[in-house]
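K.L.:
So you can see what is in the structure, the chains are spelled out below.
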Amino acid sequence: MTTLRAKADHGIRRRRSVFPFFNALGMLLLVFVTLYPVINTVAISFNDGTDAVRGGIGLWPRQFSLKSYETIFSDEAIFNAFFITVSRTAIQTVLNVVITAMLSFALSRREYVLRKLITTVFVLTMYINAGLIPNYLLLQRTLGLGKSFWVYILPTMLSCFNMIVTRTYILSLPEAMVESARIDGAGDFYLFWTIIFPLCMPVLATVALFVAVGAWNSWFDTHLYNAGKVQLHTLQYLLKMKLATTTNSANAALTSLDAASSTTNTTPVTVRAAITVVSAAPIVMIYPFLQRYFVVGLSVGSVKD
Amino acid sequence: MRTAKATVGSPTAVTREYRRTPFGRKLWHQRQLALMSVPMLLYILLFNYSPLWGWITAFMNYKPSVPLFENEWVGFQNFVWLFGKPEFLRAIRNTFAMAAINLVFGFVFPIALALLLNEIRSLRFKRTVQTVTYLPHFLSWVIVVGIAQTIFAGDGAINRMILALGLAEKPVFFLGEGKYFWWLVGGINLWKECGWNTIIYLAAMASIDPALYEAAEMDGAGRFRKMFHITLPGIKSTFMVLLIMNIGYLMEAGFEIQYLMGQNVVMDWSQTIDIFALKYGINKGQYSRAIAAGIFKSLVSITLMLSANFIAKRMGEDTLL
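Chains as they are written, first to last, in our numbering: chain B, 1 to 305; chain Z, 1 to 321.
These aren't lab readings, by the way, just hints derived from the structure by calculation.
Hints should not be assumed to be uniformly reliable.
Said to hold, decoys possible - The list that follows gives simulated cross-link-like pairs (lysine-lysine, DSS-like), each with its CA atoms no further than 25 Å apart: (1) B:Lys147 / B:Lys67; (2) B:Lys229 / Z:Lys279; (3) B:Lys116 / Z:Lys26; (4) B:Lys147 / Z:Lys284; (5) B:Lys116 / Z:Lys179; (6) Z:Lys192 / Z:Lys170; (7) Z:Lys279 / Z:Lys63; (8) Z:Lys236 / Z:Lys284; (9) Z:Lys236 / Z:Lys126; (10) B:Lys147 / Z:Lys63; (11) B:Lys229 / Z:Lys284; (12) Z:Lys85 / Z:Lys279; (13) B:Lys147 / Z:Lys236; (14) Z:Lys192 / Z:Lys179.
To be verified - Which stretches of chain Z does chain B cover? Using the computed rule of at least three CB atoms under 8 Å from a CB of chain B, they are: (15) 20-32; (16) 66-75; (17) 99-109; (18) 116-125; (19) 134-141; (20) 192-201; (21) 279-291.
As the list claims (entries may be wrong) - Listing some non-contacts, in silico: residues in chain Z with all C-beta distances to chain B over 12 Å: (22) Arg90; (23) Tyr180; (24) Ile311.
Cβ atoms here follow ideal geometry from the backbone N, Cα and C, with glycine treated the same way.
Assemble the whole structure, with the sequences as input and the hints as a guide.
P.N.:
Written out as structure tokens, the structure is:
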């Protein structure tokens with residue numbers, strides 16, 4: 001390693017470049033621009049509500065307070081929303097992973113007689129989209145999924161993009177393993193479950209991450225189908241409603257500040273920041289550990305079949 | 001016959017006997033594969049294809065309370081109405097403008113960042129920068145818009161910086177003036193996705209043969225020459241595939257951010273075709289007109305994708321189809 005590094009350095013020293021220095025400086029600036037808004041939000045969430053309205057909080061709270069967190073955790077709605085969000089994320093992820101793996105396996109078998117037909121039908125869905133309103137009419141009117149938990153699960157059991165990525169990955173596995181298992185008389189289910197599924201873990205981890213992030217972050221389905229049913233609200237939807245009320249009352253808050261803050265001592269600004277932190281924390285804490293997987297998964301996706 | 005049966009049982013080796021086996025017989029032998037895929041075929045037919053049936057209502061004056069075929073047929077009247085409506089024309093303009101900004105930003109900056117990241121020698125520093133720049137990708141649009149409203153507010157960080165640097169006399173109302181909206185969306189999109197979009201380019205760069213760089217060094221090529229003559233050509237095919245794909249998705253330029261961030265005062269600049277459809281379809285109950293808007297959007301998407309694919313094929317590039 002050291003000899004390699006020495007060799008590489010040698011190549012640069014010859015040219016006496018200032019490039020690495022400015023490059024590193026540029027990267028540090030990028031890191032700052034990326035992190036500033038996020039840390040700023042965390043700082044606001046830990047700030048005193050009345051004080052925060054004055055604005056100008058940077059990377060650290062000016063008047064430390066846990067009041068906003070007390071406020072949101074004293075409301076049962078957030079626990080319920082947390083439960084709904086976790087449930088839908090877990091169910092959606094498990095269903096997606098199993099279904100994607102099975103389907104990709106079947107469509108990766110070159111001898112399968114329906115392979116071409118089914119693959120074409122799936123790939124076309126990436127380009128042909130009926131649109132918002134026809135989908136709404138199907139789910140709301142035809143299937144009657146409005147105001148139910150199922151509207152989170154049923155329409156999102158499979159993504160064609162994930163299927164293609166997984167299938168590409170399976171096709172890249174050595175065919176010999178499948179062959180030898182077949183000679184031993186293994187059926188397709190057995191083959192899938194004992195050989196292919198375990199081998200697909202890297203790509204399925206990527207699929208799981210994509211689906212989980214999408215499920216955790218979605219709010220529009222709640223907005224469209226479940227807005228009228230409080231028990232089914234998700235974390236992001238809760239935050240979305242706070243967003244709406246905060247923006248509408250942004251100017252009003254300044255004038256009626258005394259009236260609003262004397263009773264609760266929190267304003268929507270800090271409460272909103274606190275909900276933001278709570279609803280983002282799980283994913284932000286998990287993704288760095290999955291980096292290895294999603295990099296592999298995405299790279300596979302870039303390979304043309 | 002026995003051999004045919006044996007081949008069907010282990011069908012990885014596609015023999016002549018296997019090819020002659022009747023379709024139904026093959027399917028029966030592959031029933032486990034069928035069981036793994038046919039239910040999902042039905043699923044996709046229901047959830048992705050059956051809504052296409054709803055397109056016919058764009059040619060009606062559709063009322064959900066009336067049975068489908070008892071609605072009045074109106075021909076292309078809904079489309080005529082749409083294209084005579086300045087609000088819809090503005091929505092088309094906004095969709096294209098923001099899509100174009102996203103497309104350009106979405107290629108130029110991630111490729112530039114990937115090139116620069118590729119030059120960093122310290123693996124730990126590189127990894128740290130990557131991990132940090134991936135972060136915004138994992139935040140929801142609700143969160144990102146909330147953060148943006150704080151940062152771009154009259155007393156937000158951006159305005160404090162502008163005032164401190166003396167670039168303006170008074171705070172700029174980024175969120176309340178239409179002329180900033182497209183660029184705000186472009187900038188926020190860039191912040192959210194730039195790091196994430198480098199992953200695919202870095203992977204493509206990692207697969208370039210190191211011998212090419214060594215040979216170039218022998219010939220006296222410097223850092224930038226290697227970038228322009230080896231690295232960039234090395235990621236060209238990845239770039240083309242992504243370009244075609246993104247042109248196909250151009251009309252999906254965004255919906256969540258515009259919906260969440262577009263207040264009434266900036267509506268002329270923020271409303272996209274999707275938001276238009278949502279407003280007329282669900283809020284106002286004018287389903288036929290909203291579906292007509294959706295059909296227009298889908299047709300434009302397909303046309304764009306097919307033309308991009310065609311041009312790429314003509315240029316001898318890798319294509320999607």
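K.L.:
Lys116 of chain B and Lys179 of chain Z: Cα distance at most 25 Å?
P.N.:
This hinted pair is violated, its Cα atoms lying about 49 Å apart.
K.L.:
Has the given pair, Lys236 of chain Z with Lys284 of chain Z, been kept, meaning a C-alpha gap of at most 25 Å?
P.N.:
Violated - the C-alpha atoms of Lys284 of chain Z and Lys236 of chain Z are around 47 Å apart, more than 25 Å.
K.L.:
Please work out if Lys147 of chain B and Lys67 of chain B have their alpha carbons no farther apart than 25 Å.
P.N.:
violated, 33 Å
K.L.:
Holds or violated: Lys147 of chain B with Lys63 of chain Z, Cα cutoff 25 Å?
P.N.:
holds, 22 Å
K.L.:
Minimum Cβ separation between Arg90 of chain Z and chain B greater than 12 Å?
P.N.:
holds, 18 Å
K.L.:
Taking beta carbons only, do three or more residues of the stretch 116-125 of chain Z come closer than 8 Å to chain B?
P.N.:
holds (count 6)
K.L.:
Within the assertion that chain B covers the stretch 66-75 of chain Z, do at least three residues meet a Cβ-to-Cβ distance smaller than 8 Å?
P.N.:
Per the Cβ count (0), the hint is violated.
K.L.:
For the pair we were handed, Lys147 of chain B and Lys284 of chain Z, check the Cα-Cα distance against 25 Å.
P.N.:
With a Cα-Cα distance of about 20 Å, the restraint between Lys147 of chain B and Lys284 of chain Z holds, given a limit of 25 Å.
K.L.:
Between the stretch 192-201 of chain Z and chain B, see if three or more residues pass the 8 Å beta-carbon test, and mark the coverage as holds or violated.
P.N.:
holds (count 3)
K.L.:
Is Lys229 of chain B within 25 Å of Lys279 of chain Z, Cα to Cα?
P.N.:
Distance ~21 Å between Lys229 of chain B and Lys279 of chain Z Cα, so the pair holds.
K.L.:
Measure nothing beyond the straight line between the CA atoms of Lys85 of chain Z and Lys279 of chain Z; if it is 25 Å or shorter, mark the hint as holding.
P.N.:
holds, 14 Å
K.L.:
Within the assertion that chain B covers the stretch 279-291 of chain Z, do at least three residues meet a Cβ-to-Cβ distance smaller than 8 Å?
P.N.:
Coverage by chain B holds here, the residue count being 5 at a Cβ distance below 8 Å.
The structure fails hints 1, 5, 6, 8, 13, 16 and 17 (numbered hints given earlier, in ascending order).
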